[in-house]
Structures are given as structure tokens and as C-alpha cells.
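Asks: Listed here are the chains, written in short residue letters.
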Amino acid sequence: MIGFVNGLSIGRNGRHVVSRRGSRGAARCAMAGGDTRSALEIAEGVRSGAFSAEEVTREYLDRIVDRDSEICAFLSVDAEEALESARRIDRARENSEKLGSLAGVPVAVKDNLCIKGSSTTAGSRILENYVAPYTATAVQRLQAAGAVLIGKTNMDEYGMGSSTEKSAFTTTRNPWDTSRVSGGSSGGSAAAVAARECVIAVGSDTGGSIRQPASYCGVTGLKCTYGRVSRYGLLAYASSLDTVGPLATSAVDAALAAQIMAGVDRLDGTSLPDDVPDFVGMLQDKSGASLEGVRIGVIDEAFEGGIDDQVAEKVNDAISVLESLGAEVVRTSLPNLRVATSAYYILAPSEASANLARYDGVRYGERNEDPENMSSLYTMSRKNGLGEEVKRRIMVGTFALSTGYYDAFYLRAQKIRTVVAQDFQSAFEKDIDLLVSPVSPTPAMGVGEKADDPVSMYTQDILTIPASLAGLPAISVPCGFSSTGLPIGLQVIGSFGKEADVLRAAHAYQLNTDFHAKSPHGQDGQVGDLKEYENGEEKDPGLSSGLLEGLEVLALRVTSDVLSPNLLRMRLNEIYAPNDDVLEDILS
Amino acid sequence: MALGFTGLGVTVLCRVRGRRTVVSLAGGKSKGGAVRQKKSSISQGYLDALEKYEPVVGIEVHAQLATKTKAFCSCSTKESKLPNTNVCPICMGHPGTLPVLNKSVVDLAIKAGLALNCDIAKFSKFDRKNYFYPDTPKNYQISQYDIPIAEHGSLDLPVSGNTVGITRLHMEEDAGKLTHMGSGSGRIADSTHSLVDYNRSGTALIEIVSEPDLRSGVQAAEYGQELQKVLRFIGASDCNMQDGSLRLDVNVSIREKGASKFGTKIEIKNLNSFGSVQKSIEHEIERQAAALDAGEKLQQETRFWDEKGLKTLLMRVKEGEADYRYFPEPDIPPLKVSDEMLQSVKETIPELPNERRTRYQETYGLSDYDAMLMSDDKETSDFFEQSVDLGGNPKTVANLLLAEVTLARKDLKMKTLSSSKLTPQSLADLVKLREDGLIGSKVIKALVPELVKDGGDPIVIVEERDLKFITDPKQIDDILQGVLNQEAELATKYKAGEKKLMGPLKGKVMAASRGRIEPELLQKRLDELLSADS
Numbered sequence: 001m002i003g004f005v006n007g008l009s010i011g012r013n014g015r016h017v018v019s020r021r022g023s024r025g026a027a028r029c030a031m032a033g034g035d036t037r038s039a040l041e042i043a044e045g046v047r048s049g050a051f052s053a054e055e056v057t058r059e060y061l062d063r064i065v066d067r068d069s070e071i072c073a074f075l076s077v078d079a080e081e082a083l084e085s086a087r088r089i090d091r092a093r094e095n096s097e098k099l100g101s102l103a104g105v106p107v108a109v110k111d112n113l114c115i116k117g118s119s120t121t122a123g124s125r126i127l128e129n130y131v132a133p134y135t136a137t138a139v140q141r142l143q144a145a146g147a148v149l150i151g152k153t154n155m156d157e158y159g160m161g162s163s164t165e166k167s168a169f170t171t172t173r174n175p176w177d178t179s180r181v182s183g184g185s186s187g188g189s190a191a192a193v194a195a196r197e198c199v200i201a202v203g204s205d206t207g208g209s210i211r212q213p214a215s216y217c218g219v220t221g222l223k224c225t226y227g228r229v230s231r232y233g234l235l236a237y238a239s240s241l242d243t244v245g246p247l248a249t250s251a252v253d254a255a256l257a258a259q260i261m262a263g264v265d266r267l268d269g270t271s272l273p274d275d276v277p278d279f280v281g282m283l284q285d286k287s288g289a290s291l292e293g294v295r296i297g298v299i300d301e302a303f304e305g306g307i308d309d310q311v312a313e314k315v316n317d318a319i320s321v322l323e324s325l326g327a328e329v330v331r332t333s334l335p336n337l338r339v340a341t342s343a344y345y346i347l348a349p350s351e352a353s354a355n356l357a358r359y360d361g362v363r364y365g366e367r368n369e370d371p372e373n374m375s376s377l378y379t380m381s382r383k384n385g386l387g388e389e390v391k392r393r394i395m396v397g398t399f400a401l402s403t404g405y406y407d408a409f410y411l412r413a414q415k416i417r418t419v420v421a422q423d424f425q426s427a428f429e430k431d432i433d434l435l436v437s438p439v440s441p442t443p444a445m446g447v448g449e450k451a452d453d454p455v456s457m458y459t460q461d462i463l464t465i466p467a468s469l470a471g472l473p474a475i476s477v478p479c480g481f482s483s484t485g486l487p488i489g490l491q492v493i494g495s496f497g498k499e500a501d502v503l504r505a506a507h508a509y510q511l512n513t514d515f516h517a518k519s520p521h522g523q524d525g526q527v528g529d530l531k532e533y534e535n536g537e538e539k540d541p542g543l544s545s546g547l548l549e550g551l552e553v554l555a556l557r558v559t560s561d562v563l564s565p566n567l568l569r570m571r572l573n574e575i576y577a578p579n580d581d582v583l584e585d586i587l588s
Numbered sequence: 001m002a003l004g005f006t007g008l009g010v011t012v013l014c015r016v017r018g019r020r021t022v023v024s025l026a027g028g029k030s031k032g033g034a035v036r037q038k039k040s041s042i043s044q045g046y047l048d049a050l051e052k053y054e055p056v057v058g059i060e061v062h063a064q065l066a067t068k069t070k071a072f073c074s075c076s077t078k079e080s081k082l083p084n085t086n087v088c089p090i091c092m093g094h095p096g097t098l099p100v101l102n103k104s105v106v107d108l109a110i111k112a113g114l115a116l117n118c119d120i121a122k123f124s125k126f127d128r129k130n131y132f133y134p135d136t137p138k139n140y141q142i143s144q145y146d147i148p149i150a151e152h153g154s155l156d157l158p159v160s161g162n163t164v165g166i167t168r169l170h171m172e173e174d175a176g177k178l179t180h181m182g183s184g185s186g187r188i189a190d191s192t193h194s195l196v197d198y199n200r201s202g203t204a205l206i207e208i209v210s211e212p213d214l215r216s217g218v219q220a221a222e223y224g225q226e227l228q229k230v231l232r233f234i235g236a237s238d239c240n241m242q243d244g245s246l247r248l249d250v251n252v253s254i255r256e257k258g259a260s261k262f263g264t265k266i267e268i269k270n271l272n273s274f275g276s277v278q279k280s281i282e283h284e285i286e287r288q289a290a291a292l293d294a295g296e297k298l299q300q301e302t303r304f305w306d307e308k309g310l311k312t313l314l315m316r317v318k319e320g321e322a323d324y325r326y327f328p329e330p331d332i333p334p335l336k337v338s339d340e341m342l343q344s345v346k347e348t349i350p351e352l353p354n355e356r357r358t359r360y361q362e363t364y365g366l367s368d369y370d371a372m373l374m375s376d377d378k379e380t381s382d383f384f385e386q387s388v389d390l391g392g393n394p395k396t397v398a399n400l401l402l403a404e405v406t407l408a409r410k411d412l413k414m415k416t417l418s419s420s421k422l423t424p425q426s427l428a429d430l431v432k433l434r435e436d437g438l439i440g441s442k443v444i445k446a447l448v449p450e451l452v453k454d455g456g457d458p459i460v461i462v463e464e465r466d467l468k469f470i471t472d473p474k475q476i477d478d479i480l481q482g483v484l485n486q487e488a489e490l491a492t493k494y495k496a497g498e499k500k501l502m503g504p505l506k507g508k509v510m511a512a513s514r515g516r517i518e519p520e521l522l523q524k525r526l527d528e529l530l531s532a533d534s
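Line order of the protein sequences matches chains A and U.
Per UniProt numbering, the very first residue in the first sequence carries number 1; after that it's consecutive.
Per UniProt numbering, the very first residue in the second sequence carries number 1; after that it's consecutive.
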């Protein structure tokens with residue numbers, strides 16, 4: 001029995017990763033070809049007794065041992081607990097109890113979802129030793145369906161990032177090329193699925209945090225309609241945008257997990273009261289392979305400026321596949337696509353500035369043990385406990401909500417949000433069932449490439465943010481690889497509450513392609529062709545300066561009556577490139 | 001209770017910590033025409049201030065709603081002696097928790113809004129009020145900012161006859177309780193550390209903001225009392241100032257008479273009784289006037305009422321408005337109040353104290369004063385009405401409730417009327433016996449404590465113990481004659497002209513008859529016997 005996972009977990013709280021190498025051979029035997037087994041197949045196998053839940057769990061724990069020291073997808077793995085819950089399922093089967101639809105399926109959970117008695121850090125130093133006193137509704141429902149919770153995955157601190165480089169603990173590497181990032185913020189979840197260290201991973205998506213890492217890591221990631229899955233137990237980043245959703249190797253598995261997690265929850269007043277359709281049943285229907293009668297709109301603006309040529313090419317190929325399956329493809333416009341990002345980077349930080357105020361060292365979490373007074377308890381605890389990116393967004397949000405700036409920033413951003421939602425609505429009203437675009441402008445960037453350039457990092461979300469603002473369901477589906485072997489993702493966006501449509505298109509596509517089934521490790525479990533990352537290769541200054549311009553234009557447009565352009569520019573510079581003095585000033 | 005005329009102002013009765021006490025202040029119209037003033041409690045400085053300045057007072061009231069569970073989680077709102085026992089991850093602000101609105105919070109807030117003649121917002125929402133303080137677990141308070149559930153209301157003050165505007169009424173959550181340790185004062189400034197108890201955290205409050213319509217400490221106290229009555233009547237809040245379920249913050253400014261611009265506003269906190277509301281305002285008016293007279297400039301500040309020193313002390317100077325960075329609470333969907341919902345809440349609102357007061361005067365002929373006391377609290381008021389409905393004469397029922405019953409309860413240390421064994425029926429029967437001329441006031445005085453303590457049917461008791469008036473003239477004369485024979489000396493002196501001896505003679509007869517001779521008859525026969533003899 002050994003402890004490990006990544007350098008970081010050791011000594012964090014002492015109960016993280018334990019694995020039994022001894023059982024490996026047997027499990028391998030039982031699970032030959034397990035790399036490609038779906039959740040449906042595993043649950044069926046466990047239910048029928050073809051193999052035990054414990055065997056499956058050992059297989060995945062072993063794979064974590066094998067691979068995760070390099071990938072760093074997990075922040076904590078509780079092997080004993082996972083094996084124990086697997087054995088409980090096996091015992092239940094022996095007692096002829098009815099097993100759930102995820103019986104024995106190893107599921108990883110993003111570290112911003114609470115599991116009672118387990119470490120829940122949200123990738124933040126300030127929660128390094130926090131143990132959740134309750135379980136998130138979505139996770140509890142998966143558990144009730146027989147899922148074996150195998151560990152907690154790495155993420156950008158509180159979901160604020162697009163690469164997991166903003167995790168306080170470690171950077172998750174892309175299983176396809178470990179010199180690249182896994183994307184974020186659900187990078188740990190995406191990488192865990194890609195490396196087959198779990199079958200399904202739960203993630204959260206606020207502005208693209210499921211879809212973008214899914215795209216980077218070549219897995220299927222579903223962002224559900226806002227409110228479809230309860231947020232109770234999800235550590236809030238931006239409450240009006242946060243959603244919980246699954247990452248898996250196929251649309252069917254994603255559908256299965258989504259179906260279990262979805263549905264009204266009395267502990268979340270914003271959860272949708274609507275009945276949850278039988279997603280999986282709909283996909284298994286024979287007509288599922290055809291897209292006859294489905295009208296798909298290609299978002300024109302999503303292919304403009306800054307989109308990597310290979311990304312555009314693969315996505316266009318995918319669109320052709322959809323067309324060949326019977327879908328009618330039309331061009332359509334979302335005129336406010338670009339400005340959506342600016343609005344998002346006002347609204348999300350605004351909500352975050354309040355949501356993260358509770359991390360103050362008073363009731364739980366890291367605290368400064370020798371404060372001079374109350375104020376220094378707050379300041380020092382937060383200064384030491386929260387990371388740069390989090391502080392930056394708290395500052396932006398604090399500023400945007402301040403008297404004198406509220407109308408110009410927060411309120412105006414809300415109006416833009418409404419306009420973006422209306423853009424979608426008018427598209428869907430024109431008989432369009434689904435919208436498609438790339439997920440991310442580029443394939444995975446190199447580790448460290450954009451870590452110090454927040455605005456450039458923000459551009460990674462430019463195509464995922466609009467659906468978040470409108471609360472729409474959207475999926476990221478692997479649709480090819482770049483010349484360097486990096487996965488590329490297709491985004492399919494549905495109208496409000498229509499996960500079923502989105503899943504149907506993704507499933508039909510996957511029945512006719514095999515990008516989603518490819519593993520970076522090949523069939524023998526070896527890490528595939530890793531490409532060396534050449535520094536600066538993918539950098540696209542045009543796009544990032546475009547966004548900065550967008551922010552300035554937005555700000556100028558909305559502030560001309562209250563703020564002089566110079567003062568505004570000064571403030572924006574302070575916000576987006578803060579120095580320590582400003583940080584101190586605002587945080588104290 | 002002696003209330004004299006001095007012609008200066010009005011004295012009002014107000015309840016301070018449950019006792020009926022006299023507080024007084026100049027100014028204000030009197031409704032009943034009686035202009036009463038108890039001069040001793042007013043300082044000359046204060047009177048001088050009123051010569052030159054007009055005080056302007058507004059009040060912010062926080063009342064804990066009488067819900068069983070907290071506003072956004074299912075924790076109990078019951079008082080708990082042990083700290084941090086009525087808590088859960090939600091009201092402790094643990095990561096990932098969400099508030100879910102307790103529907104009865106909205107119902108009670110609407111009820112309170114309607115009772116205060118407010119317009120109820122068809123569409124309303126919650127907002128986050130951001131500030132860091134250890135008693136606020138999320139470091140923001142869920143409150144309502146620009147669209148309160150109720151606004152544009154009013155409250156009539158029965159004694160001063162004023163109508164006070166209600167600016168707004170909104171829902172919000174309460175904070176926890178901080179105890180500052182390591183210093184004698186209990187204040188944060190010189191403490192070494194502080195303890196936090198989150199039992200109260202997340203309890204539902206309504207904040208009621210008045211217009212600056214009040215002009216004196218007395219009016220402010222009356223406003224607080226009247227609000228308390230209304231909120232208690234409709235069951236929205238227990239409104240106990242001692243345990244903090246009713247909290248008042250007042251804003252006081254003064255301006256030269258005739259000026260249209262408001263003066264600098266000073267907020268007073270730590271007001272634990274209506275008495276301190278009144279006294280602190282009076283003190284503050286005097287203090288501000290002295291400062292202005294001395295040529296000082298007042299600054300916006302928050303002051304602390306020092307109950308022992310009877311003065312306000314500076315807490316903090318307000319440097320501009322605090323920026324709470326309000327924004328809409330994304331965790332709670334906007335609140336829509338349908339016509340049906342409004343109607344169903346409306347139907348639960350009982351007759352309010354003011355309405356009862358008027359009806360008691362018009363229908364029962366009670367005096368202004370008695371009508372007010374009979375509508376003071378819902379329990380007494382309901383008891384009174386039931387007794388009257390069962391045939392009790394309203395004035396007598398009221399008098400007995402105010403005097404004998406109250407005294408008996410006080411002796412027995414019974415806090416509420418409901419803990420007494422007296423029932424509306426037994427009180428009505430007792431009153432009827434009296435009205436029918438069957439028993440005298442002595443019997444009533446003797447019976448009430450017993451009925452309060454042990455209960456019982458007065459008709460049966462009176463019958464069994466033979467307490468009715470003696471109606472047989474022969475029997476009465478025998479008793480009278482017996483007393484006159486026994487007290488021959490007194491009788492002789494009386495006949496000789498010492499008329500004041502009638503009292504003692506009557507007393508002897510009363511004692512001899514155990515109060516069972518009707519007083520008028522007694523007087524008449526005694527007169528006759530004494531003059532016949534001479």
C-alpha cells in the first residue's frame with residue numbers, strides 16, 4: 001500500500017492516495033480492453049456479474065497509479081473509500097438487490113463539489129484542509145446510482161482559469177501531450193477521462209470550464225441548461241452562470257450521468273422544476289443515428305479572426321458529417337458574440353467578489369493565526385490563501401459593483417447578457433434547432449504559455465461564454481486532431497432545456513466518427529505520440545488585443561457619461577495588470 | 001395615576017418593560033383634547049432647544065419574523081442557550097451551500113406590509129449587501145435593495161394623533177451575535193478576542209423604515225409601541241426589545257424653525273426600550289442644539305445610547321456612505337406576488353389595534369383611554385371581546401381586566417392572561433352578578449384572585465358561600481340594629497353631630513354583613529335608623 005498521486009498530495013492531509021498494486025494482474029485480466037469500455041457497459045457488466053465493481057475500481061486505481069504522477073489530474077484519491085464503496089455494490093449484487101444505472105462505474109469529481117468527509121479545496125490554498133460537512137446533490141445522486149467515487153480532480157482555483165495553471169496545487173497535463181495544458185477549469189476532470197483514470201468525471205462550467213478542457217483533452221463534455229443540475233454543494237464562482245455537468249468518452253455516457261444528476265432539488269431554488277427526459281433511451285432509439293429534419297446553424301462570427309486554421313478546418317469537416325447525416329445546415333449570425341466575453345468578465349467577477357467573501361479564515365479554511373486585529377485577520381488570511389487570478393477577479397468584481405461604476409459596468413454587462421440571450425433566441429426562433437461552432441479558438445496551449453497573460457487566457461473562452469450567458473445547454477465533442485496530434489472540439493449549442501437535442505446530434509456524430517473513442521494511450525496503455533511543445537508557437541496576439549479592445553470599447557461605450565476615458569483606461573490597467581500595491585489597497 | 005394639567009405638552013402612557021409608566025414630552029397634538037404634562041422629566045435645556053429648533057426624527061425598525069425556521073435553511077429559530085447549536089452548513093455560510101427562501105417569510109412580510117397600509121410589490125427580488133464582519137457568515141447579507149416587498153405605507157399614532165409615513169418594508173436575514181472578550185466593557189475596541197454565535201444567523205427579519213415624520217422622542221416611542229402592537233396583533237413578530245426580536249435605530253436631526261432643509265443626521269444605536277428611545281432622542285436634541293448654538297458644525301455620525309449615563313456617546317463618524325455594492329442575489333429567483341397570494345394573505349389579517357380602539361369607543365362606549373388599553377395586546381383584547389360577547393358589561397369587564405385581574409396576576413406572577421384560570425365566561429358571569437345587583441364590589445375583589453388562581457364558576461361559588469346581597473329588609477334591619485347596639489357610643493356621637501362617623505359605622509355594618517348589603521340600601525336604612533332613633 002503506497003501513497004502518491006502527485007507530488008502535491010503527499011502530506012496534504014494524509015489520507016489521499018492509497019493503491020494496491022498487488023491486485024493489478026487479476027483486474028487487468030478481467031478488464032482487458034477496459035480502456036474503451038463505456039459506463040453503460042461497466043454498469044451492465046457489474047450488474048450481470050461479468051466482473052465485480054471492486055475489480056473495475058482496482059483497474060482504474062491502478063491506472064491512476066500508472067499515469068497520474070505525470071498527468072496530475074487528481075488532487076486527492078481515497079482508494080480505500082473507493083474500494084469499500086465498490087465492495088458495497090458487489091455485496092448488494094450478491095444479496096440480489098437492485099443496482100443503479102451507474103453500478104460500479106468509477107467517477108471522478110471536480111474538487112469544487114462537496115463530498116461529505118472528503119477534502120474539498122476548489123484548487124485553493126485557503127481550503128487546503130477543508131473537509132466538507134455534506135455532499136453535493138449532484139454527487140449524492142451519482143452515488144445513489146451506484147457510482148464509485150474515485151477521487152477529486154484538479155481545477156483552476158474556484159474555476160477561474162482555462163488551463164488549471166491557476167490551481168494552487170498543481171497543473172494538470174494534457175494526456176495527449178504533457179507539455180500542454182489540459183484546459184480549464186475542469187482540466188483535471190477532462191484529463192482523468194482522457195487518460196482513462198475514470199469513466200465519467202463531474203465538472204462545472206461557468207464560461208466554458210467543461211467544454212474547453214473536454215475539447216483540449218479529446219473527450220465529450222456536456223454543459224447542461226442553467227438550473228438543470230442542482231448547484232447545491234458546488235462551490236460558487238458565479239452563481240448565475242455556474243452549472244454542473246459530466247465529462248465522458250461518449251455522448252451516451254455523458255447523457256447517462258446528466259440524466260442521473262439532473263432534476264429539481266429543494267436545496268437549490270434555481271434548479272429547474274421540469275421533468276428530465278430519458279436522454280439515454282432517446283439516444284438508444286434506432287432513429288438516433290439520423291439527423292433528418294434537424295436544422296443546424298453555423299455561427300458566422302465564431303469563425304472570424306483569431307481562429308486557428310486547423311480548428312476551423314476540423315470543425316467544418318464535422319459540420320459536413322452532420323449534414324451527411326441528414327441535418328440541414330445554414331449560416332447564421334450571433335452579432336454580439338464577441339462582446340459577450342467582455343460582459344462575462346464583468347458579471348462573473350462581480351458575483352465572485354461576493355461568493356468568495358466567505359473565505360475569510362473565521363469559520364473554516366486557512367487563517368492567519370496571529371492577526372493584529374479583525375481586519376488583518378481577513379486581509380492576511382485572504383492574501384495568503386487566495387491566488388493571483390482569484391484576487392484579480394475579486395478586484396474586478398468589487399470595482400464593477402462599486403457606487404458610481406455599477407451602472408457603467410455591472411448593469412451594462414447585464415444588458416449585454418440579455419442581448420446575447422436574445423441573439424440566441426432569435427436564431428432558435430428562425431427554425432434553427434442547434435448552433436455549432438468550434439469550442440476553443442486553438443488546440444491546447446503549452447504549459448506556461450499564457451499563464452502570465454490573463455487577457456490572452458480569457459480569449460480561450462470566447463466561443464463558450466455566449467451559451468453560458470444565455471444559460472443554454474452545449475456540448476463539446478472531439479472532431480479531429482491538429483497536425484501535432486492535439487484534439488479539436490466541436491461545440492453544439494441547443495435551445496433552453498434541450499439537452500436532448502444537443503446529445504442527439506453529438507451521439508449521431510459519434511456513431512459515424514471515432515475521434516471520441518481515441519485514447520492518448522492507445523490500446524496497450526502506453527502514452528501515445530507526444531509532441532514537443534515549441535514555445536510561442538500558438539500565440540495569437542491579434543485575438544488577445546482584440547479582446548482588450550473589446551473590453552475597452554465596452555467600457556468606453558458604457559462609461560462615457562460617468563468616467564473619463566483616461567481614468568477608465570487607468571482603472572482597467574490596474575484591474576487587469578494589477579501590482580501589489582493595488583491588490584493590497586483593494587483587499588484591505 | 002395622577003395626571004395633571006400643566007398646559008405645556010402632552011403626557012402619554014407608554015409601556016416600558018411591561019410596566020405602565022409615565023413618559024412625557026412637550027409637543028404634538030393631543031387627540032382626546034387633554035393636554036397633559038409631567039414637568040419633572042423635562043430639562044430646561046431641552047425646552048430651550050425646542051424654542052429655536054424643530055427636531056426631525058426617523059426610525060428604522062428591525063423585527064424578527066415569527067417563523068419556525070430560518071429564512072433560508074431549515075434550522076429552528078427557537079431560543080437556544082448553547083451557542084452554535086441551531087446552525088447548519090447553510091446558515092454558517094459553508095462553501096457550496098445555497099439559500100432557499102422560506103415561504104412563510106414572504107407571507108409574514110406581506111402581512112406586515114398590508115397592516116401598515118403599504119403597496120405590495122408584485123415583482124420583487126433579493127439583493128446581496130456586501131460587507132465583511134464576523135457575525136455575517138457569507139460576508140454579505142441577503143437583503144432587498146431597490147425593490148422592497150412593500151413601500152409607501154403609514155401608521156396612525158393614537159395618542160399624538162399623528163400619521164407617520166412608512167417609506168419601505170423589506171425582508172432580510174439576521175446576523176449572528178458577537179461577544180467581545182477580554183475587557184470589562186464588552187465593546188470591541190479594548191477586547192482581546194471575540195466569540196461568534198451563529199444561532200441567530202439567517203433568522204428572517206423585516207426592516208421597516210419610517211419617513212422623517214416624527215418630531216419628538218415621545219412620538220418616536222409611541223411609533224415604536226404602535227408598530228409593536230400591530231406586528232404582534234398580526235402574528236408577524238414577537239417584538240420583544242429585551243431579547244432583540246424588535247430593534248430600533250433612530251435618526252435625529254434638528255433645524256431652525258421654519259427652515260426647509262434638514263439638519264445633519266445623527267444615528268443612535270443600542271436602544272433597548274421605548275424609554276431609551278424617547279430619552280436618547282431628547283438628549284440628542286438638546287446636545288445638537290447646544291452644539292449649534294456654540295457655533296459648532298455637526299457631522300454625520302453614529303452614537304451609542306448610554307443607558308446608565310443617560311447620554312449618547314460617539315461610536316463612529318460616517319465618512320460618506322458605506323458602499324455595500326448591492327447586486328441582485330443570483331441564488332434566489334425573483335419574487336412574484338400573485339393577486340391570489342395577496343388576497344389569501346389579506347384574509348389572514350385580523351382587525352388591527354386602531355380599528356378595535358375605534359370600535360370599542362363607538363360600540364361599547366369605552367373611554368379613549370380604556371379603549372386603548374383594551375386593544376393594547378391581542379390576548380387581552382380577545383379576552384375582553386369574548387367576555388363582552390358572553391354578556392359582560394363592556395365597561396365593567398374592561399375595569400376588572402385593568403384593575404383586579406391585573407393586580408391578581410401581578411401577585412401571582414403570571415406573565416400572560418392565558419396562564420390564568422380566569423375564563424371569559426367566568427369573568428362575564430361575575431360581571432353579570434354585579435350588574436344584576438346580586439353581589440357587591442367587596443365580593444368581586446375577594447373572588448377575582450381566586451378565579452385567577454384556581455378558576456371556578458362564580459355563580460356556583462356565590463351560591464354556595466352565600467355571598468349574594470341580603471334582600472330581606474327584616475334581616476338587614478336586624479344586622480343594622482345589632483351594629484348600632486354594639487356601637488352605641490359611635491351612634492350617639494354621630495347623632496350629636498359628628499357626621500364623619502358615618503364612615504366607620506358603615507364599615508362596621510359591612511363587616512358584620514360580610515359585604516352582603518347593597519351599599520345604597522345600607523346608607524338609606526342606616527340614615528333612617530339613626531334619625532328615627534333621635
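Please keep in mind that the hints were generated in silico from the structure rather than gathered at the bench.
Warning: the hint list may mix true and false statements.
With a cut-off of at most 20 Å between alpha-carbon atoms, the simulated EDC-like pairs for lysine to aspartate or glutamate come out as follows [to be verified]:
1) 311/U / 48/U
2) 125/U / 366/A
3) 269/U / 355/U
4) 257/U / 296/U
5) 430/A / 275/A
6) 383/A / 407/A
7) 308/U / 355/U
8) 415/A / 146/U
9) 336/U / 323/A
Here are a few chain A residues that sit away from chain U, every Cβ distance over 10 Å (derived from the structure) [what the hints assert, rightly or not]:
10) 114
11) 122
12) 136
13) 268
14) 293
15) 329
16) 351
17) 363
18) 388
19) 402
20) 484
21) 495
22) 500
So the derived list for chain U, only partly shown, Cβ under 10 Å to chain A, looks like this [claimed, not checked]:
23) 95
24) 96
25) 194
26) 291
Fair warning: this is a prediction, and the values are worked out from it, not measured in the lab.
Using N, Cα and C, we set each Cβ at its ideal position, and we do this for glycine too.
Asks: Each hint needs a verdict: does it hold in this structure or not?
Replies: Now the hints, each set against the structure:
Restraint check for residue 311/U and residue 48/U: satisfied, since their Cα atoms lie roughly 18 Å apart, inside the 20 Å limit. A threshold of 20 Å between alpha carbons decides the hint, and for residue 125/U with residue 366/A the separation of about 34 Å lies outside it, so the pair is violated. Proximity of residue 269/U to residue 355/U is assessed by CA-CA distance (about 32 Å); at most 20 Å being required, the pair is judged violated. Of the supplied pair hints, the one linking residue 257/U and residue 296/U holds, its CA atoms being roughly 18 Å apart against a limit of 20 Å.
For the proposed pair residue 430/A and residue 275/A, the alpha carbon gap of about 26 Å is over 20 Å, so the pair is violated. Proximity of residue 383/A to residue 407/A is assessed by CA-CA distance (about 29 Å); at most 20 Å being required, the pair is judged violated. Proximity of residue 308/U to residue 355/U is assessed by CA-CA distance (about 38 Å); at most 20 Å being required, the pair is judged violated. Only pairs whose Cα atoms come within 20 Å are accepted, and residue 415/A paired with residue 146/U is accepted, the gap being roughly 17 Å.
This hinted pair does not check out: residue 336/U and residue 323/A have alpha carbons roughly 44 Å apart, beyond 20 Å. With a closest Cβ-Cβ approach of about 5 Å to chain U, residue 114/A is found to fall inside the 10 Å limit, against its non-interface label. The beta carbon of residue 122/A is not kept farther than 10 Å from every beta carbon of chain U, the shortest such distance being approximately 7 Å. Remark: the non-interface label on residue 136/A conflicts with the geometry, its nearest Cβ contact in chain U lying 6 Å away (cut-off 10 Å).
The claim that residue 268/A is not at the interface with chain U is violated, since a C-beta of that chain comes within 10 Å of its own (minimum 5 Å). For residue 293/A, the non-interface assignment is confirmed: its Cβ lies about 35 Å from the closest Cβ of chain U, beyond the 10 Å cut-off. Remark: the non-interface label on residue 329/A is consistent with the geometry, its nearest Cβ contact in chain U lying 36 Å away (cut-off 10 Å). Not every CB of chain U is more than 10 Å from the CB of residue 351/A (nearest about 6 Å), against its label as outside the interface.
Consistency note on residue 363/A: stated as away from chain U, yet its beta-carbon is not over 10 Å from all of that chain's, at 6 Å minimum. No beta-carbon of chain U comes within 10 Å of the beta-carbon of residue 388/A; the shortest separation is about 20 Å. Annotated as non-interface, residue 402/A brings its C-beta within 10 Å of a C-beta of chain U; the closest such distance is 6 Å. Residue-level check passed: residue 484/A sits 38 Å from the nearest beta carbon of chain U, beyond 10 Å.
With a cut of 10 Å on Cβ distances, residue 495/A stays outside the contact zone with chain U, its closest approach being about 20 Å. Non-interface status of residue 500/A relative to chain U is upheld: no Cβ of that chain comes within 10 Å, the nearest being about 24 Å off. For the restraint placing residue 95/U at the interface with chain A, the shortest Cβ-Cβ distance is roughly 5 Å, inside the 10 Å limit, so the hint holds. The beta carbon of residue 96/U is positioned within 10 Å of a beta carbon in chain A (closest approach about 5 Å), and the interface hint is therefore held.
Here the hint on residue 194/U is kept, as its CB sits about 8 Å from the closest CB of chain A, short of 10 Å. Interface hint at residue 291/U: violated, since its Cβ lies 30 Å from the closest Cβ of chain A, which is beyond the 10 Å cut-off.
Hint compliance for this structure: hints 2, 3, 5, 6, 7, 9, 10, 11, 12, 13, 16, 17, 19 and 26 are broken, all remaining hints hold.
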